[in-house]
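Keeping their order, the protein sequence lines are chains S and W. Note that my numbering has the first sequence beginning at 20, numbered continuously upward. Note that my numbering has the second sequence beginning at 99, numbered continuously upward.
By construction, these hints were calculated from the structure, which means they are not laboratory data. Please note that a few of the clues may not be correct.
Residues from chain S that keep clear of chain W, each with C-beta distances beyond 12 angstroms, as calculated [said to hold, decoys possible]:
| id | residue |
| --- | --- |
| 1 | P111 |
| 2 | G121 |
| 3 | R258 |
Covered stretches of chain W, going by a simulated chain S footprint (3 or more residues, C-beta under 8 angstroms) [as the list claims (entries may be wrong)]:
| id | segment |
| --- | --- |
| 4 | 117-123 |
| 5 | 138-144 |
| 6 | 149-163 |
| 7 | 224-232 |
Just so we're clear, the structure is a prediction, and the values are computed from it rather than from any experiment. Glycine is no exception: its CB is placed at the ideal position from the N, C-alpha and C atoms.
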Amino acid sequence: MHHFTYLVPGSLNEAISMHEARHGRAKYIAGGTDVLVKMKEGKLAPDCLISLRHIIGQDRPFLNAETGELYIGAFMTHRSIERSPLVQHRYPILHDAVKNIGSVQIRNVATIGGNLVNAVPSADGAIPLIALDGRAHIYGPKGDRQIDLTRFFLGPGQCDLQSAEILTEIIVPRQAPRTGGAYTKHGRREAMELPMLGVGVLLSLEPDMTTCAKARICLGVAAPTPFRAREAEKSLTGRPITEETLSDAGRIAAGESRVRDSIRGVAWYRREMVGVLVKRMGFLALERAKRTEQRA
Amino acid sequence: MARDISFVFNGNNMTARVEDHWTLLYFIREELGYTGTKEGCGSGECGACTVIVDGAAVNSCIYLAAELDGRSLLTIEGLAAADGSLHPLQKAFVERGGIQCGFCSPGMILSAKALLDENPAASEEDIRAAIAGNLCRCTGYIQIIDSIKSVCGDAPEGPRVVAWRDEES
Numbered sequence: 020m021h022h023f024t025y026l027v028p029g030s031l032n033e034a035i036s037m038h039e040a041r042h043g044r045a046k047y048i049a050g051g052t053d054v055l056v057k058m059k060e061g062k063l064a065p066d067c068l069i070s071l072r073h074i075i076g077q078d079r080p081f082l083n084a085e086t087g088e089l090y091i092g093a094f095m096t097h098r099s100i101e102r103s104p105l106v107q108h109r110y111p112i113l114h115d116a117v118k119n120i121g122s123v124q125i126r127n128v129a130t131i132g133g134n135l136v137n138a139v140p141s142a143d144g145a146i147p148l149i150a151l152d153g154r155a156h157i158y159g160p161k162g163d164r165q166i167d168l169t170r171f172f173l174g175p176g177q178c179d180l181q182s183a184e185i186l187t188e189i190i191v192p193r194q195a196p197r198t199g200g201a202y203t204k205h206g207r208r209e210a211m212e213l214p215m216l217g218v219g220v221l222l223s224l225e226p227d228m229t230t231c232a233k234a235r236i237c238l239g240v241a242a243p244t245p246f247r248a249r250e251a252e253k254s255l256t257g258r259p260i261t262e263e264t265l266s267d268a269g270r271i272a273a274g275e276s277r278v279r280d281s282i283r284g285v286a287w288y289r290r291e292m293v294g295v296l297v298k299r300m301g302f303l304a305l306e307r308a309k310r311t312e313q314r315a
Numbered sequence: 099m100a101r102d103i104s105f106v107f108n109g110n111n112m113t114a115r116v117e118d119h120w121t122l123l124y125f126i127r128e129e130l131g132y133t134g135t136k137e138g139c140g141s142g143e144c145g146a147c148t149v150i151v152d153g154a155a156v157n158s159c160i161y162l163a164a165e166l167d168g169r170s171l172l173t174i175e176g177l178a179a180a181d182g183s184l185h186p187l188q189k190a191f192v193e194r195g196g197i198q199c200g201f202c203s204p205g206m207i208l209s210a211k212a213l214l215d216e217n218p219a220a221s222e223e224d225i226r227a228a229i230a231g232n233l234c235r236c237t238g239y240i241q242i243i244d245s246i247k248s249v250c251g252d253a254p255e256g257p258r259v260v261a262w263r264d265e266e267s
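Isolated chain W (complex conformation) (with noise of 0.2 angstroms):
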């Protein structure tokens, strides 16, 4: 069955047709044609499919397109300013190495944020859980982890691991 839902877009009012047995990652990949939502697992385990819904990190891959009617989703394309200047955490995750392969960094990004809109003071402890659900397989965490703190107040003096770097190639 097919139903008509209306929500908010990465800021925009929008209604679209779904069908009920689509997945909101399905939904937001191929028919809003926005890819930068990654699907891993498929099965909630990796959360390289997180988006925000409602200022809560979900995991898209098993929530339903039609649970998204009058919900606001936010997907990594909503993050960046409308002149393409990087939000906080995406300028921090490019110059500390927190992006490696880059499969799992919106999802990474989402969680972040999701946790610093409610908690701008979160220490690394706080970090740690929010990520817990999102895995990444370059990194090892630690750069990760770095390029979250730095923004949230409680930023280490540098990097941990130089990332690298434009000027020096």
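Next comes chain S alone, as it looks inside the complex (with noise of 0.2 angstroms):
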């Protein structure tokens, strides 16, 4: 690897005012397992990596029990998310997700920020994160802000990010009763692969447990950016969830999907597999949302 310097700054203003004085030739690290391949291939060459490893914020997701957010810090490893037993018991699509992550030793090291803030189009954790309504935090010079995560994905490799600013946390609003979720990668071998799609689909469901009050269906590696298939996701709204409704929905996101001729995978068999995907999360979600109804 070239050379560079190494900042280790403790807090989130320490870290910025070194951003600032680099005017450009310094990048974040986080857990660095995109940010070092990169600059071994010689993609990227900053003059200096500012880790944030070492600035203190959550070691593990923290639920508000009065407000019934989720706040996941964005410096957790994918390892603390996935052996939390919080998101283990009521976040099981977001655990879904983070447990398929490249490997232990990845998911030991990456963070769930750096998976959001690498912006690629098959980001594991930012589906279910978008299926659960999920807000970015961020923090830059200007003070902080907040943006929702529908919204935070421009393009590929590209997220709503200023210079500078570092996304901190990640909020998860409170869910609604009755409400399931699971998302599945698709690829061709469980590990170590980047998904040839990822579907994520979460259902609330009405007291009678069958009618759907709020459906999500998002997709990953279906478009330049992760999206929500809110067409697909009005065809459930106030319909009974079943084989048939969900066939439709499937079929719906299937054609509101931009899929495209991959290494990984050719577009007709991507988007057939919305279709099928779509279908076989959205009956897991429902049997999870009525296991969530009997423990409560």
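Assemble the dimeric complex from its two separately framed chains, guided by the hints.
Okay, structure coming up:
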């Protein structure tokens, strides 16, 4: 690797002033599993890396009992999210996603914030957080701001972060009762692969436990950025969740996809699988919503 | 830029001067001179460079040496006892054919150790998930999984595939 200076700030403000002082020649680094690979490949060559690893933040997801909001520190590793009992039991859609990112070695180091700011179309971490209506909390030279994750991704590798700004936290609002969600990464092998397709479905049910009160259908690698298939969501809302309605939703979501041919899969197959997996995840979400209700 | 770091290396306190751009893998092999840790892909895909930092398996090829400051590092050389007797995992790999060409073995064994330290009663599914980031091109993984299983209280009767043995030659 080329020579660079490694700076280790102890606070967000210190990190930001270090970044500003270097006028665009510095790059933030958290786990580094993407940044260091890109530097080794010569795709990135910053003069200076500013580590976010030693800034004190949350070390586990935190549920605010009063507001019902879930706070996930951006510098948390995938592994710590994967092992959180809170995430395992209450947010299985997120657990589905983080437990299959990379390998144990990667998950022990890579952070959820890094996964989001990389803004690749396949960001496994992003899909469930969008389905959960998550917001990004951003801190920068001008102070704090929040943005819905649906608006955070601008294009492949591009997200709504200005120079020197830092994604500090993801906030997931209180989920409706009778809600279940599921995510699947589709590929040729289970481990160490970027998904050919990522599909997340979140359903909130009416008290009759059949009618859909709210639906979220989020897709990865089906467009330049992770996105919500809003027409497919609308098709489910107010209708019972059945084989037929989920098939319809899958077909509509496939139509909303802007899939393309790539090294990992061809467009027609991806489009076909959107339909199959939306239905499959829909059934799993339904089952989980029912289980949540039994526990309550 | 260079900096001084203090860390625990295979149980011993150490200080060293490292350059900011050094990877942990480079530091271990070229500066400390411990070559049990292997470089395969160099980009976090193959797991040959796996070491244990503060109890967690990491890919040392995409981990900065500077980040070792204040932490504890375990490499494959730290596994056997001082008298040279092998760690039960190492022994199992030798006895059950988990080692063939040997290139993936240090990383494979350390991934297994990180798992068993945390969950001594790991299931086959746990084992498969733990070594998903370690590629082996010789064994087909069966012998490796058997080797790990044999030390985690869920041992199969004997090896599913009989390994090459001294007395047979």
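Hint check:
1. Distance to chain W confirms S:P111 as a non-interface residue, since its nearest Cβ pair spans about 17 angstroms, more than 12 angstroms.
2. Taking the minimum C-beta to C-beta distance to chain W, about 7 angstroms, the non-interface status of S:G121 is violated against the 12 angstroms cut.
3. Non-interface call for S:R258 relative to chain W: holds, since the shortest CB-CB distance, roughly 37 angstroms, exceeds 12 angstroms.
4. Check on the segment 117-123 of chain W: 4 of its residues sit with their Cβ under 8 angstroms from a Cβ of chain S, so the three-residue criterion for coverage holds.
5. Residues of the segment 138-144 of chain W with a Cβ under 8 angstroms from some Cβ of chain S number 4, which satisfies the need for three, so the listed coverage holds.
6. With a cut-off of 8 angstroms between beta carbons, the segment 149-163 of chain W has 7 residues touching chain S; three or more are needed, and the interface restraint holds.
7. Counting residues of the segment 224-232 of chain W whose CB falls under 8 angstroms from any CB of chain S gives 5; the rule of at least 3 is met.
Hint 2 alone, counting from the list given before, is not met by this structure.
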